[in-house]
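Asks: With the sequences and hints as input, model every part of the structure.
Number of protein chains: 2
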Amino acid sequence: MNSTATRDQVLTDAEIAELAQQLRVDAVRASASAGSGHPTSSMSAADLMAVLLARHLRYDFNDPGHPGNDHLILSKGHASPLLYAAYKAAGAIDENELLTGYRKLGSRLEGHPTPRLPWVDVATGSLGQGLPIGVGVALAAQRLDHLPYRTWVLCGDSEMAEGSVWEAFEHAGMEGLDNLTTIVDVNRLGQRGPTRHGWDLDAYGRRIRAFGWHTVEIDGHDIAAIDEAMAAARDNRGAPTAIIARTRKGKGVVAVENLEGHHGKPVPDAESAISELGGVRDILVQVQGPPDADPPRLEGGADPHAALPSYDRGSDVATRTAFGEAITVLGTRRADVVVLDGEVGDSTKAGLFADEHPERYFECYIAEQEMVATGVGLGVRGRVPYASTFAAFLTRAHDFLRMAAISRSDLKVVGSHAGVSIGQDGPSQMALEDLAMMRAIHGSTVLYPCDANQTAQLTAALADVPGIGYLRTTRGETPVLYGAGEDFPVGGSKVLRSHPDDQVTLIGAGVTLHQALAAHDRLVADGIRARVIDLYSVKPVDTQTLREAAAATGRFVVAEDHHPEGGLADAVLESFGNGHPMPLLTRLAVHTMPGSATPDEQLHAAGIDADAIAAAARKLVAAR
Amino acid sequence: MNSTATRDQVLTDAEIAELAQQLRVDAVRASASAGSGHPTSSMSAADLMAVLLARHLRYDFNDPGHPGNDHLILSKGHASPLLYAAYKAAGAIDENELLTGYRKLGSRLEGHPTPRLPWVDVATGSLGQGLPIGVGVALAAQRLDHLPYRTWVLCGDSEMAEGSVWEAFEHAGMEGLDNLTTIVDVNRLGQRGPTRHGWDLDAYGRRIRAFGWHTVEIDGHDIAAIDEAMAAARDNRGAPTAIIARTRKGKGVVAVENLEGHHGKPVPDAESAISELGGVRDILVQVQGPPDADPPRLEGGADPHAALPSYDRGSDVATRTAFGEAITVLGTRRADVVVLDGEVGDSTKAGLFADEHPERYFECYIAEQEMVATGVGLGVRGRVPYASTFAAFLTRAHDFLRMAAISRSDLKVVGSHAGVSIGQDGPSQMALEDLAMMRAIHGSTVLYPCDANQTAQLTAALADVPGIGYLRTTRGETPVLYGAGEDFPVGGSKVLRSHPDDQVTLIGAGVTLHQALAAHDRLVADGIRARVIDLYSVKPVDTQTLREAAAATGRFVVAEDHHPEGGLADAVLESFGNGHPMPLLTRLAVHTMPGSATPDEQLHAAGIDADAIAAAARKLVAAR
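Protein sequence lines correspond, in order, to chains A and B. Residue numbers for the first sequence follow this note's numbering, so the first one is 1 and each next one is one higher. Residue numbers for the second sequence follow this note's numbering, so the first one is 1 and each next one is one higher.
Honestly, the hints are just simulated from the structure, not real lab data. Be careful, since some hints might not be right.
Copies of the same chain are indistinguishable here, so a pair counts whether it falls within one copy or spans any two.
[Stated by the list, open to error] For lysine-lysine, the following DSBU-like pairs were computed, each having C-alpha atoms within a straight-line distance of at most 35 Å:
#, residue 1, residue 2
1, Lys619, Lys494
2, Lys104, Lys619
3, Lys619, Lys265
Replies: Below you can see the structure in the form of structure tokens.
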């Protein structure tokens, strides 16, 4: 792996052209060894990558955590052979790993890049995500880190069709992120066939310029032109730069170059292709190191011991309000907490944070994909992001949340206005599928508090939970049940009513917990003893308490302000997998299509109020 | 409700200004009567609505199904008081309904419009959806109906931040939809505060023009200017038109006009506001009727009896291939079937439809929100849309799917490349949460076939299933198990192995069904009798067969190529709600974060292959 071509000096244009050929050859070899992959999508961008690596990127591959390192995001993640070939050229991985590991079981050289590689910030492969996340990384430099690192995002032309990309162009343009450069590899061919705009570089240029960016249109195989464009991008002030590069897919191999039908498969005859590309090379590039940079101060805060808000038992407080007040205190306690808003901070109460910590509040307007992506990008720079909007509108960012889990992001999302209990606004504003969505995210934590003190504690606890965390809040006021000092471990639950003669267990969370308590009182009046469990930790769920309740009562009534699928009841039943005997269970959930009505009318119409819970419990007990 | 102001002639500008004041007054009154709502967002657009209603809309409110009717989509759905006030002015609803029904239990005048009203095409209220759907409606006119109806979409300025809107601008611009007009109500104020661009009309204009639209910037309170712009939009050829109107939120009432803090709440003093607006009026507008128009022929097809593709038992065929071949035949059978692609039709095999029925194939490029929205829009015009992409990328359109259910759309979505079984491409391309997402959609149908003949039948069956239908297909080839003539009712299942001495039931669907069959054979070799159920209908699920299997065997092993939450096992347990005794159950699902590997390695690593199923069954039986 040691190469005679190691240089201390900058490569000449001709040498960079050779480096680009090496990247092509290595992409062809890696894909051939794997029997799959996207070499042609790699070959179009090889000159772009070669110039970036040899002349403009500043990165210490031995210290990927260096605070001054540039960030390179391969938004067109299917071109992973190109990225890995670049890592090999930089000396970060060796030839053996590239040729035996690519796309193989257990290898970190996955089909699309993930942070299993230390130099990869975020997983890509779902198109249209790299640039939105890159905006978050660049914003961190501009607003928080005050460091001179640059963010480079290599995009494909096909992904320009994704609306998320235009949310990112808008966000970066309006923030004047001159530390951000996106390179669009316009190779004209998508997966199925020609892209919408083919080689019409100005079609992209006009659109991107309209969003406040500087643009440069170049021949993406002209080393000098690429170099000049990247240098100009570094020097450009006040606006981000898009380098729009006309390229040829499969460049350098006649059998595939600029031809349809060669997306996502190895080059037909690898041997002859390698020969046509001038054979195997072993050029090692000395990538420029980052400038000296002090790591931003992320530990501690203005007042690490600031008290979380507390609420009087018996008072009525909306959990969304408690979230807003708690996250504001958390921002005082911890310098690493940042908040992102989808232009509803007055409703989610995230806006309270803005008043105290304006520099750490990111208004993303009504662009939920960009909001989540910006959060992921800020997380790359060590922040603990809380992104919040109406829970219903988090569905807009589902793909970004899914990918954030693959990125090993510790993003927190907060969704307000859960369920039919919002009342008059109607179904478009009601989150009735958010628990299903968030539970199914790999490694996620899902919390659904019922009172203000619980919300404050869980808001703070979420900051230290790894992976994607979700807090579900309620629009209307609910009674404060718990004392201010009470502890609510993630994975726990609270047994609020219990008696040795319990015949049935009532399980709720959020608004339905209060309905379960009311049902309990009615049942007691009927002579029926019922246990009541507050299942505030929906994932992980408190298996032990649920099993004890099943053993004691044998009957569960679960009530949830959510569609019947994927929510609380399904979470409860998880505790009885692997052959553990299950209780009899009645599910009360929103089976109907709601309209407008008051919150109480909605709970009643959906059959998830105290009446319905008590009736279900009576029936279940009678069926003994 | 009869008005002396009924006219046969066109209203003068001054009369239209009066009409606009009436719309404002009625928006104020409706919101006041409800105690909630968005009057200020209605008042900004009242002049725009008044001119449209009085001069440009062609619509028969007594015959909302008239094929020549224009389509009016209120993308800013929170301005429902304005829409309902317009319906009152058109004589479609009466004053009593407006003032007693708005936002009330059981009323069709919901907080945000839904098709419970016969004049509402689609539900709005999740911003950024009206224009994307309007593109589908306008495309139907251009490519299928060949009718002169126009599509008018009234948007807010805040929703211009949504990427989905730019997917729509791109799609409409490139298709040259000159029958589509969007009106952007630039009232400068979003929910939380000022929008990103305030009253910078040209900020919107530059961007929209860059996407190939004609734009007009006007004072949105100048009746003559509005009229001229709408007339120009109707006359403009070759490109859609955006009318960008500078307006004042809360226009006409000093207490709220152009002030922050008045979003989404009634005007403080309704009485004095009404007086300030000139009092209650009772103007009835005679909206122009539609031109004569023959309904497009949707019944039948080129060959209503064309045979679905059939496959030989024992051969290996990918279910995605069977889908592509079946949908192509369905297109020959039925004139109403249309297909939408997210630029992966070669992979999903939807592209086969394009070869036979190019006029009914809609290439939406990599813009899944626009793909689903276009499908919903084509559905408004009576088509049966099948939208397909990789199942993982359907998450991109989750909010559109959720809203499509509220729109009572009969959209079908097809997701390919389900689960870890795709192999080397890695987790970004694997759908592992799609079943959770699709099951939690209200009224949805979720089908997951395991072989080619089953896929062909289910593809055709889905066309007649109301609501959102989902078909999940597999990338790799699977053995054909069923005969070509076999019937697969929605809501059914197939018991593939059964014996009087069954001790355990193995349940799978798609790839895991084949693993369950292999596990069965191993168990038989060990002397363990196992029932095997093909649960191809995940929702609705075959409760009767599952209960019989529970009664007979008492033990279930469910294996699914999906995350543990919200998928097959949860669907199975639905059958045991309402107090029905549950079987012992072992869930085998994808708990790990996959990387790259071969399909077989992936199934093994995830613990959902025949080995894992057999081991789980042995353990469950031994635990008797």
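Asks: Work down the list of hints and note, for each, if the structure agrees.
Replies: Now for the hints, and whether the structure bears them out:
| no. | hint | result |
| --- | --- | --- |
| 1 | Lys619 <-> Lys494 | both (25 Å within a copy, 33 Å between copies) |
| 2 | Lys104 <-> Lys619 | between (55 Å within a copy, 32 Å between copies) |
| 3 | Lys619 <-> Lys265 | neither (60 Å within a copy, 42 Å between copies) |
Consistency note: the structure conflicts with earlier hint 3 alone.
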